[in-house]
Amino acid sequence: MKHFDHINAKTVEEATSALAGGNAVVNAGGTDLLGTIRTAILRDYPEMVVNIKTIPGIDEIKEEGGMLKVGACATLEEIAKNETIKSKYAALAQAAYRTASPHIRAAGTIGGNICQLNRCWYFRKYDNRFDCIRKGGNMCYAMAGENRYHSIFGAVKACVAVNPSDTAPALVALNATIKTSKRDIAADDFWDVAIPGSTVLDDDEIVTEIQIPEPAGKSAFVKFALRATIDFPIVNCAASIGNGEASICLNAVHNNPYRATKAEEAIAGQTIDEASADAAGAAGVQGATKLAHNNYKIQIAKTMIKRAILGCK
Amino acid sequence: MSNLQHNINIVSAQIPYDKDPHAKKEYDWVGRRGCRLVDGFDKASGRAIFPRDTIVPGMLYARVLSCPHAHAVIKSMDTSEAEAMEGVRYILRYDDPNPAAGFYVAQIGYFEGELMGVAIAADTEDIAEEALRKVKIEWQVLPFALECEDSIVEGMPILKNFHAIKVPGMPADTNHFKGTSANQYLTDWHLPGDVDEGFQNSDQIVEFTWRREENISAVPCWASLAVWGNMRNNQSSEGPVTQLYNYRPGNFGAGFLAEIIPSGIAPMLASYTGKNVICVQTPRAAHNCFCADDSGTVKCKVGFNSDGTIVAVQIDPWYFNRTYQSGIQWLHNSTKIPNLGINYNGAYVNRPINLPNRSEQRPNTSTYDMVIAHVAAALEMDPSEVARKNNGFEGHDLEWLAHHAEEHGFTWVDSQSQCINTAKEAIDWDANWSAKPGAKTLPNGNLQGLGFSGGYLNWHSTAFASDVGLSLDSSGKVHIISKQNEYGSNHNTTYCHVVAEELGCKYEDVHLRPNHQYDSFHLFDQGGSGGCAVNTHAVAKAARVLKPQILELACLEHTLLPTNDGSQELDGVYGYDRWPLRMTSLFPGLNPEDLDIKDSMVFEKANPDNAQPLALVASRTGTVSSGRHAGIPFGFAFQGQGIYGDEHDRPEMSRMCNMSLIEVDPETGQIIVKKSVAVNDVGKIIQPESCEGQIYGAAIMGIGRQILEEAIYDPATGVKLNDNLIEYKWPTLDYVQTVEAHPLENELGYGAYGCTGVGENQSDCAGQSITSALYNATGKWVLDWPMTPDKVLKALGKA
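In order, the protein sequence lines correspond to chains L and D.
For the first sequence, our numbering assigns the number -12 to the initial residue and increments by one for each residue that follows.
For the second sequence, our numbering assigns the number 19 to the initial residue and increments by one for each residue that follows.
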């Protein structure tokens, strides 16, 4: 691993100021960043790593004024075990619990989980072996290559990599707001296809807190992966249903968390049962288009929607 | 006669065909639970030293280039920028004047990730890595082939040269090999019968094809250490490292990997730099460089009668690169099927080098289990009954086997029936089995299935040999002097059990001294549990040589009288000339044959109360200042297992089976393994926790390989895409909800006390049990392995 400068930021301003200097990256739990650096998957190597865990209060979890406030550096383990989150914001607790492994949850933060880079194996191949669109290249190698884990809802900016976060769909379904050092961003608008990132954040902008209004009804998160632990999702889904409204979000099916609006429309106001959930699942994958090797994900996405809805019963 | 020929004759002479005559009815230490593992604490605490952990004075770190292409040749290389870096000590290039360099850092890369081209030794690993990045290479990318059919087309370059071990007799101008596997099973042994005639005489015929995707090999030692002046690496460097640098005895590997890429690089760099060198590899290299040797496609045709009797089997395999096993061997060695045929084919492809160090028998078990499963499915029979009906050896039936067993001192037991009965009871077969596939839908909507796989255990032996020394020190401790690479079979603990058993000493009085430079001239067989079974023979034999010496020592009566002529060795220096030294027998009037040892006490057999501690007996050894005067008891033994380790006329009688209960989620294609029952007739359990641990681990590994594991390549470039622990799906320990291990002890093995090896058995067969169960659950065969959800959903018509 090459050498880089490292600072422990004491304030948000100190962190963003350091980031504004150029070729610097944020480190919270480090579970994504360290592997990214060590395997040299990107074109450039950072000259500075800015640790934000040292900012006082940035890892707090509290409920205030009917709102859950989760600091960006709260660990996934803390979120998964928090009784308030488990009882009122169940989809988030379940999503945090299903992320990775106990060791990674103990280090990984929610801020990192929603800002992580995509997991496309072309993008992640060592030593920048495939200089793809997400690195500033001109080709998506997965589009015509091995794409069994890739998008079933088309490409954005000619890239078919998917967003791998488990907590992201929960935040969308729970109507969260992402507070950053510059602004407040609705979860629906937080993700985008960038180079190489997955969010709308500027280079000198960091997530500071996530706010979630207390949901009216129940919420649930389900995940399909090859192994019960460690794996990133093949498909996951979060749903929040109450007061005749439904909010349902798939992930790992598209570049960004994918709001299953047709499923929401199908289940809103309906009694939740096997048949209605199944119908909503079918509605939710309307418009899905397979690549050469990922047709099976459409069936799994449909099932995940159905089961997330049933989880809200 | 050459020395080599002489050694081969020694090996041949040692092959056991009879049951170990020293097997007993009751044992003190063999099979005892709760003994502390010899190296358990070191491993659990992280204190154990492996090559990667080693730091010795003045050590340099080396890194090797990974080939970025599936097939490419270096046209030119510019290392000037790397050479200019501070801390870079030597750059070993493919065009080094030393011809050996071209072997270890070759000019041509035959698969992506192959270590080749250039190695750099530097003061730190970071410098070596950074220097590698500064090497500028002009590549000529060559055509590549990942599949056999693509490799044998006209114009495809010849690929086979990258294999360290050549297949004998293979033409030099083709990537296609046929008619032989590396173990020469097919060329040396003739399969029985006439398959065409067999098919004509069969009531029914089924044909099917399975494909197994490449699995990575078990990750071997990924740091190779060379101590300067010791021009080989890990295994032989271990002694000097231990002695010169005062390391604790470690867990150094190498084994048969010692002489192949990339293990030879460290010694070369050590010789060039005059420094100790550790060649450190990345996890990526560990993933990329070797693969298991059982990948490819196999067509199978089976003729059988309506009662389940199999009449003929023909297989036509096409393996990637080559396999060490043919695919037909288990049908030959563990059935009475009268007509067997194989048309063995394969082709060299741009995939990693095959190594037989991970479930090497899977080509054979796959054939055996799929033949049994398909016949059972066609007849809607219980597959274990089909296996039972066809049980035998090389066309012979059980009566023949029983006769053989009794002729050679074994007590005949139908091991397979006992394995099947045990497994059925453990998995409640009768309650869960449905002969009609797809018949059981559970309340949760999942489909339930039950599967069977089985075969014989041949891991009582390997094709190698073992020697060991045992010594008794003056404090009463017994030392096992030999060394074996770390294979994870807890062999060290097993040997201590055997020594304690044979000598009658306490387990805690037995120690292993594997890593001392000057007394590690002995070398155990380096195989895993099979090697362990061979080595137990050698250890037991050595103990039987040592024990009479100990008893003789107890009875030794000796007087050393000082002399005046200066010839007595005790004269003068220590002042012993002032009085006579007398060593009286600890058991006056008794002879060694009147004595025995138990719990580290030497006692009179006719009067057990007349006993002396082993430590007291041992204190009489040596010639030191206290005047003790007796030779140090030392036992040595050698054990060989034959040319194949699995000899043609030495039938396997121990059997195993696996029965697994699964659920299939029809909405996601997920296979949920609820319970896997693993029954191995291990002959004799020597170290129970290790035995069971190997069964558990092997079952999970076998199941994981059938459902999860596969190497995934980019079709356009031949680059492996999942060479990391996230995307390459090793099963986690919770992957199978329940594994039950049921070792049986019928003493039908040729190892010590009738034992067999145990390590790989379930990893070879447990996976096919899941394939069988999936068919039972869904009525669909998924024969493109691993059986990932996409394939299951496709079989169910949902993808």
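It is possible that some hints are incorrect.
Claimed, not checked - Pair by pair, the computed Cβ-Cβ distance ranges are:
hint	chain 1	residue 1	chain 2	residue 2	range
1	D	GLN125	L	THR276	14 to 22 Å
2	L	PRO200	D	PRO733	27 to 35 Å
3	D	ASP334	L	ALA255	55 to 63 Å
4	L	VAL187	D	GLN125	15 to 23 Å
5	D	GLU101	L	GLY124	39 to 47 Å
6	D	THR327	L	GLN257	56 to 64 Å
7	D	SER452	L	ARG30	54 to 62 Å
8	D	GLY52	L	ARG30	53 to 61 Å
9	L	LYS(-3)	D	LYS154	38 to 46 Å
What the hints assert, rightly or not - Computed footprint of chain D on chain L, listed as stretches where at least three residues anywhere in the stretch have a Cβ under 8 Å from a Cβ of chain D:
hint	segment
10	68 to 76
11	102 to 116
12	144 to 156
The hints are simulated quantities; they were obtained by calculation from the structure and are not laboratory data.
The model shown is predicted, which means the values in this text are computed figures rather than measured ones.
The beta-carbon is built from N, C-alpha and C at its ideal position, and this holds for glycine as well.
Is the hinted range of 38 to 46 Å satisfied by the C-beta distance from LYS(-3)/L to LYS154/D?
The hint (38 to 46 Å, Cβ to Cβ) holds, given that LYS(-3)/L and LYS154/D are roughly 43 Å apart.
Is it true that the C-beta distance of VAL187/L to GLN125/D lies inside 15 to 23 Å, as the hint says?
The hint (15 to 23 Å, Cβ to Cβ) is violated, given that VAL187/L and GLN125/D are roughly 48 Å apart.
Coverage of the segment 102 to 116 of chain L by chain D (three or more Cβ within 8 Å)
holds (count 8)
Between the segment 68 to 76 of chain L and chain D, see if three or more residues pass the 8 Å beta-carbon test, and mark the coverage as holds or violated.
Violated, because only 0 residues of the segment 68 to 76 of chain L bring their Cβ atoms closer than 8 Å to Cβ atoms of chain D.
Against the range 14 to 22 Å, how does the distance between the Cβ atoms of GLN125/D and THR276/L compare: consistent or not?
Violated - the Cβ-Cβ distance for GLN125/D and THR276/L, about 45 Å, lies outside 14 to 22 Å.
If I claimed the Cβ atoms of ASP334/D and ALA255/L lie 55 to 63 Å apart, would that claim hold in this structure?
Hint holds: Cβ distance 58 Å, inside 55 to 63 Å.
Is it true that the C-beta distance of THR327/D to GLN257/L lies inside 56 to 64 Å, as the hint says?
holds (58 Å)
Do PRO200/L and PRO733/D keep their Cβ atoms within the hinted range of 27 to 35 Å?
About 47 Å separates the Cβ atoms of PRO200/L and PRO733/D, which means 27 to 35 Å is violated.
CB of GLY52/D to CB of ARG30/L, is that within 53 to 61 Å?
holds (57 Å)
At the C-beta level, are SER452/D and ARG30/L separated by a distance inside 54 to 62 Å?
Holds, at about 57 Å.
Given the hint of 39 to 47 Å, check if GLU101/D and GLY124/L actually sit that far apart at their C-beta atoms.
At roughly 31 Å between Cβ atoms, GLY124/L and GLU101/D fall outside 39 to 47 Å, so the hint is violated.
How does the segment 144 to 156 of chain L fare against chain D when you require at least three residues with a CB closer than 8 Å, holds or violated?
violated (count 0)
This entry does not satisfy hints 1, 2, 4, 5, 10, 12, going by the numbered hints stated previously.
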